[in-house]
Amino acid sequence: MSISLLENEKILKMTCPHPLSMLHIYLNWLYIACVGIAFIAMRGHVEEWIYYLPLGEKFSTQLFFCVWAGCLLLPSLILSFYRINWSWLGLGLLLSILGGVFTYHHHQIAASIKGFIYSSYYIHSVAAFIYSYFPLPIASEQLFAEKELANHMLMIVGFIGLCTSNSYRKSHKYYLTNRRILVHFGFISVKQRDTMYSKVDDMIIQQGVLGRIFDFGTIIPISASGMGTGSDHAFAAMGIEGKLPMGPTMTVSVGGGRSVTIPRAPSFYSLYGVADPEETKKIMLKEMEQREYGHTRRRKIAEMEKQLESMKEEYNQ
Numbered sequence: 184m185s186i187s188l189l190e191n192e193k194i195l196k197m198t199c200p201h202p203l204s205m206l207h208i209y210l211n212w213l214y215i216a217c218v219g220i221a222f223i224a225m226r227g228h229v230e231e232w233i234y235y236l237p238l239g240e241k242f243s244t245q246l247f248f249c250v251w252a253g254c255l256l257l258p259s260l261i262l263s264f265y266r267i268n269w270s271w272l273g274l275g276l277l278l279s280i281l282g283g284v285f286t287y288h289h290h291q292i293a294a295s296i297k298g299f300i301y302s303s304y305y306i307h308s309v310a311a312f313i314y315s316y317f318p319l320p321i322a323s324e325q326l327f328a329e330k331e332l333a334n335h336m337l338m339i340v341g342f343i344g345l346c347t348s349n350s351y352r353k354s355h356k357y358y359l360t361n362r363r364i365l366v367h368f369g370f371i372s373v374k375q376r377d378t379m380y381s382k383v384d385d386m387i388i389q390q391g392v393l394g395r396i397f398d399f400g401t402i403i404p405i406s407a408s409g410m411g412t413g414s415d416h417a418f419a420a421m422g423i424e425g426k427l428p429m430g431p432t433m434t435v436s437v438g439g440g441r442s443v444t445i446p447r448a449p450s451f452y453s454l455y456g457v458a459d460p461e462e463t464k465k466i467m468l469k470e471m472e473q474r475e476y477g478h479t480r481r482r483k484i485a486e487m488e489k490q491l492e493s494m495k496e497e498y499n500q
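Per the numbering used here, the very first residue in the sequence shown carries number 184; after that it's consecutive.
Note that these hints are calculated values from the structure, not bench results.
Some hints could be false.
[What the hints assert, rightly or not] Derived CB-CB ranges, DEER-like: (1) 202 <-> 490: 50 to 56 Å; (2) 396 <-> 213: 56 to 62 Å; (3) 217 <-> 451: 25 to 31 Å; (4) 186 <-> 382: 28 to 34 Å; (5) 235 <-> 389: 46 to 52 Å; (6) 396 <-> 241: 51 to 57 Å; (7) 382 <-> 244: 57 to 63 Å; (8) 283 <-> 389: 39 to 45 Å.
Every residue, glycine too, gets a C-beta built ideally from N, C-alpha and C.
Using the sequences plus the hints, can you model the full thing?
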């Protein structure tokens, strides 16, 4: 999807998110890959710990899978609540289901793909490449064992996620023109959003610790309709239950909550993690100032004065 400009419109600045602004996405995929590597390297220690649990000897495979799936589901649940994005929980559930299939049917799956992936030629080639750059404290036979199919899946998914995260970051493009703020997003689907400067009432810059160090931040345009804002809620409740001397059980509960409106917007509805946010904000403020009533009135008065001066000069001649 190409950017089409209006008549007499020109681009003042084009930018995209700073590489470190989406560090949390890189870390999420890196964590998935590290879970796979950690369970391969520490399988013996985990199995030994499970063995001493009650019924650990009898249900060792089931308990090992529960620990493995818990390392995926619990962080994905916390991340989904924190980011208000349930796709991470869906990913954790999907990986856990696939991991269960690979755990209980790894012999059949490995046999079906052994001719390609698990052939000795590919194993030795990949092992030589890995150990030449990353001297892991794991024997190659343990690293590429058939029972590690679920962990191999995590390593592959994490690697693919790391590679696609940078493409996702670059798919956000922000254009500042002399008429509007244009946001273009084209990773899987294509979205484009235009905001006229006259609709923006305020702008907020948010910078974290890394943003202060490496000079990048998020600029949130706020409109009178509430665009660019969100809310934080706090709620508390208390209840008591008791049985009456004669009659049914009675329950009484009391609750209350408060909410506060704060600047908040996803990457598509803000200038997310842009480099040098102060300079970007100055460009936007300058264009907004030119659309203020007082500035427009002064400009028209100045133009009328110039026309009057030119008319006087023509009359005197």
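Structure-based check of each hint:
| no. | hint | in the structure |
| --- | --- | --- |
| 1 | 202 <-> 490: 50 to 56 Å | holds (52 Å) |
| 2 | 396 <-> 213: 56 to 62 Å | violated (21 Å) |
| 3 | 217 <-> 451: 25 to 31 Å | holds (29 Å) |
| 4 | 186 <-> 382: 28 to 34 Å | violated (19 Å) |
| 5 | 235 <-> 389: 46 to 52 Å | holds (48 Å) |
| 6 | 396 <-> 241: 51 to 57 Å | holds (53 Å) |
| 7 | 382 <-> 244: 57 to 63 Å | holds (59 Å) |
| 8 | 283 <-> 389: 39 to 45 Å | holds (40 Å) |
Against the hints set out earlier in the document, violations occur for numbers 2, 4.
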